[in-house]
Amino acid sequence: MEELRNWLALATVHGQDGLKFQRLSERIPLAELVKLPASTLRNIGFTERQAYLLTQEAQPKVAHALNWLAQSDSHHIITYQDPRYPALLKQTKQPPLLLFVKGEPQLLAQQQLAMVGSRTPTPTGRKVAQSFAAELSQQGYVITSGMARGIDSESHKGALQAGGLTIAVLGHGLEQVYPASNKALAQEIAEQGALVSEYFPDIQARAEWFPQRNRIVVGLSIGTIVVEAGLKSGTLISANLAAEYSRDVFAVPGSVYSPQSAGCHQLIQQGAKLVTCVADILEEWSFFSKSCLINTTEQEKSQQTDLFACQLLANVGDEVTAVDLIAQRAGLAIADANIALLQLELAGEVAAVPGGYIRVRSA
1 MEELRNWLAL
11 ATVHGQDGLK
21 FQRLSERIPL
31 AELVKLPAST
41 LRNIGFTERQ
51 AYLLTQEAQP
61 KVAHALNWLA
71 QSDSHHIITY
81 QDPRYPALLK
91 QTKQPPLLLF
101 VKGEPQLLAQ
111 QQLAMVGSRT
121 PTPTGRKVAQ
131 SFAAELSQQG
141 YVITSGMARG
151 IDSESHKGAL
161 QAGGLTIAVL
171 GHGLEQVYPA
181 SNKALAQEIA
191 EQGALVSEYF
201 PDIQARAEWF
211 PQRNRIVVGL
221 SIGTIVVEAG
231 LKSGTLISAN
241 LAAEYSRDVF
251 AVPGSVYSPQ
261 SAGCHQLIQQ
271 GAKLVTCVAD
281 ILEEWSFFSK
291 SCLINTTEQE
301 KSQQTDLFAC
311 QLLANVGDEV
321 TAVDLIAQRA
331 GLAIADANIA
341 LLQLELAGEV
351 AAVPGGYIRV
361 RSA
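Its first residue numbered 1, the sequence shown is counted upward by one per residue in the working numbering.
Certain hints may be false.
What the hints assert, rightly or not - Keeping only pairs whose Cα atoms sit at most 27 Å apart, straight-line, the calculated DSSO-like set for lysine-lysine is:
1. Lys-93 - Lys-183
2. Lys-157 - Lys-273
3. Lys-61 - Lys-20
4. Lys-20 - Lys-93
5. Lys-127 - Lys-232
6. Lys-90 - Lys-273
7. Lys-35 - Lys-232
8. Lys-90 - Lys-61
9. Lys-273 - Lys-127
10. Lys-20 - Lys-35
11. Lys-127 - Lys-93
12. Lys-232 - Lys-61
13. Lys-20 - Lys-90
14. Lys-232 - Lys-157
15. Lys-127 - Lys-157
16. Lys-90 - Lys-127
17. Lys-157 - Lys-93
18. Lys-183 - Lys-127
Claimed, not checked - For each label pair, taking beta carbons as the anchor points, the in silico distance ranges come out as:
19. Leu-66 - Gln-270: 30 to 36 Å
20. Ile-334 - Pro-179: 43 to 49 Å
21. Arg-49 - Ala-184: 35 to 41 Å
22. Gln-328 - Gly-45: 22 to 28 Å
23. Pro-123 - Lys-35: 27 to 33 Å
24. Pro-83 - Leu-342: 26 to 32 Å
25. Ile-358 - Asn-240: 19 to 25 Å
26. Gln-138 - Ser-39: 54 to 60 Å
27. Ala-184 - Val-323: 46 to 52 Å
28. Asn-240 - Ala-335: 33 to 39 Å
Treat the hints as calculated values from the structure; they're not laboratory data. Since this is a predicted model, take the numbers as computed values, not measurements. Just so you know, even glycine gets a beta-carbon here, dropped at the ideal spot from N, CA and C.
Please build the complete structure, drawing on both the sequences and the hints.
What follows is the structure in structure tokens.
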């Protein structure tokens with residue numbers, strides 16, 4: 001419990017993500033770091049505000065978080081070094097230091113597809129979001145989104161109505177529900193999936209935190225599906241992050257006269273895969289079994305290479321990437337990476353080129 005207290009104390013400092021902590025921990029053990037005076041914290045790179053937060057304001061927030069944790073068996077706090085921390089999320093540039101989870105934390109280890117889009121969708125967009133989410137969840141994928149109005153909510157509903165699993169990543173604490181109209185939906189997700197946040201439970205929603213939330217939605221997922229987005233939509237941030245993380249980006253086309261589809265059309269022009277049905281998405285991963293997990297100890301040995309391949313494929317993009325870098329990003333030994341890459345190459349998912357590998361995209 002003391003270690004968790006220390007993690008929570010550090011998490012009160014805005015701007016401390018998992019990678020920053022990893023670098024800090026190489027110099028100073030966490031138990032010592034959280035006890036340093038403000039002057040020493042400033043000397044090792046903390047801003048004056050960060051040093052103040054850690055030394056003066058952390059403990060009441062830590063106590064509140066621990067009280068929230070004790071309220072229910074469905075409440076969980078997963079730190080960056082917890083074995084339950086999602087492997088794909090760790091591979092992003094700014095992984096959160098910890099995650100608050102209400103629901104089933106093991107879902108974070110399953111294959112997820114992010115579904116994002118307009119907050120003011122057309123009736124067609126709503127129908128597409130629900131039907132895609134329903135069919136994908138029936139294929140064994142967890143549908144991950146941000147529980148915003150519009151496409152996010154419709155995607156969650158589609159998965160739930162099909163008896164599937166869904167994760168909502170929130171831009172506020174888990175004691176809050178935003179928008180308030182989604183209170184019933186949030187409860188259903190907590191019971192049939194998971195609510196996830198990097199923010200302390202009592203934190204209120206703030207506009208600037210929703211784009212930050214997007215990096216987690218995308219970081220948890222092997223691919224991102226955009227269903228309706230305008231040219232200035234925040235959804236495009238998610239799509240760009242997915243591309244930056246070498247994750248697949250899919251876009252649903254719409255009418256050339258619809259402003260809600262203009263962002264999707266732009267993404268398609270930039271290289272996103274045009275999809276008009278779920279089969280267009282599934283063919284990208286036809287090599288893998290539907291039950292392939294990203295992070296598990298319960299797979300049979302015969303599925304282990306598939307498991308490695310799932311992790312590797314998320315780290316091979318359109319640019320040539322060296323084997324050692326691919327292995328490092330996926331957290332695998334080079335020997336295991338070479339075996340899985342060979343299997344991916346034989347399946348036509350990647351191609352060996354001078355200097356490493358590139359992703360093979362379907363025509």
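Verification of the hints:
no. : hint                          : in the structure
1   : Lys-93 - Lys-183              : violated (32 Å)
2   : Lys-157 - Lys-273             : holds (24 Å)
3   : Lys-61 - Lys-20               : holds (21 Å)
4   : Lys-20 - Lys-93               : holds (10 Å)
5   : Lys-127 - Lys-232             : holds (22 Å)
6   : Lys-90 - Lys-273              : holds (25 Å)
7   : Lys-35 - Lys-232              : violated (45 Å)
8   : Lys-90 - Lys-61               : holds (25 Å)
9   : Lys-273 - Lys-127             : holds (20 Å)
10  : Lys-20 - Lys-35               : holds (18 Å)
11  : Lys-127 - Lys-93              : violated (34 Å)
12  : Lys-232 - Lys-61              : violated (36 Å)
13  : Lys-20 - Lys-90               : holds (12 Å)
14  : Lys-232 - Lys-157             : holds (25 Å)
15  : Lys-127 - Lys-157             : holds (11 Å)
16  : Lys-90 - Lys-127              : violated (33 Å)
17  : Lys-157 - Lys-93              : violated (30 Å)
18  : Lys-183 - Lys-127             : holds (22 Å)
19  : Leu-66 - Gln-270: 30 to 36 Å  : violated (45 Å)
20  : Ile-334 - Pro-179: 43 to 49 Å : holds (47 Å)
21  : Arg-49 - Ala-184: 35 to 41 Å  : holds (38 Å)
22  : Gln-328 - Gly-45: 22 to 28 Å  : holds (25 Å)
23  : Pro-123 - Lys-35: 27 to 33 Å  : violated (57 Å)
24  : Pro-83 - Leu-342: 26 to 32 Å  : holds (28 Å)
25  : Ile-358 - Asn-240: 19 to 25 Å : holds (20 Å)
26  : Gln-138 - Ser-39: 54 to 60 Å  : holds (58 Å)
27  : Ala-184 - Val-323: 46 to 52 Å : holds (49 Å)
28  : Asn-240 - Ala-335: 33 to 39 Å : holds (34 Å)
Consistency with the previously given hints fails for numbers 1, 7, 11, 12, 16, 17, 19 and 23, ordered from lowest to highest.
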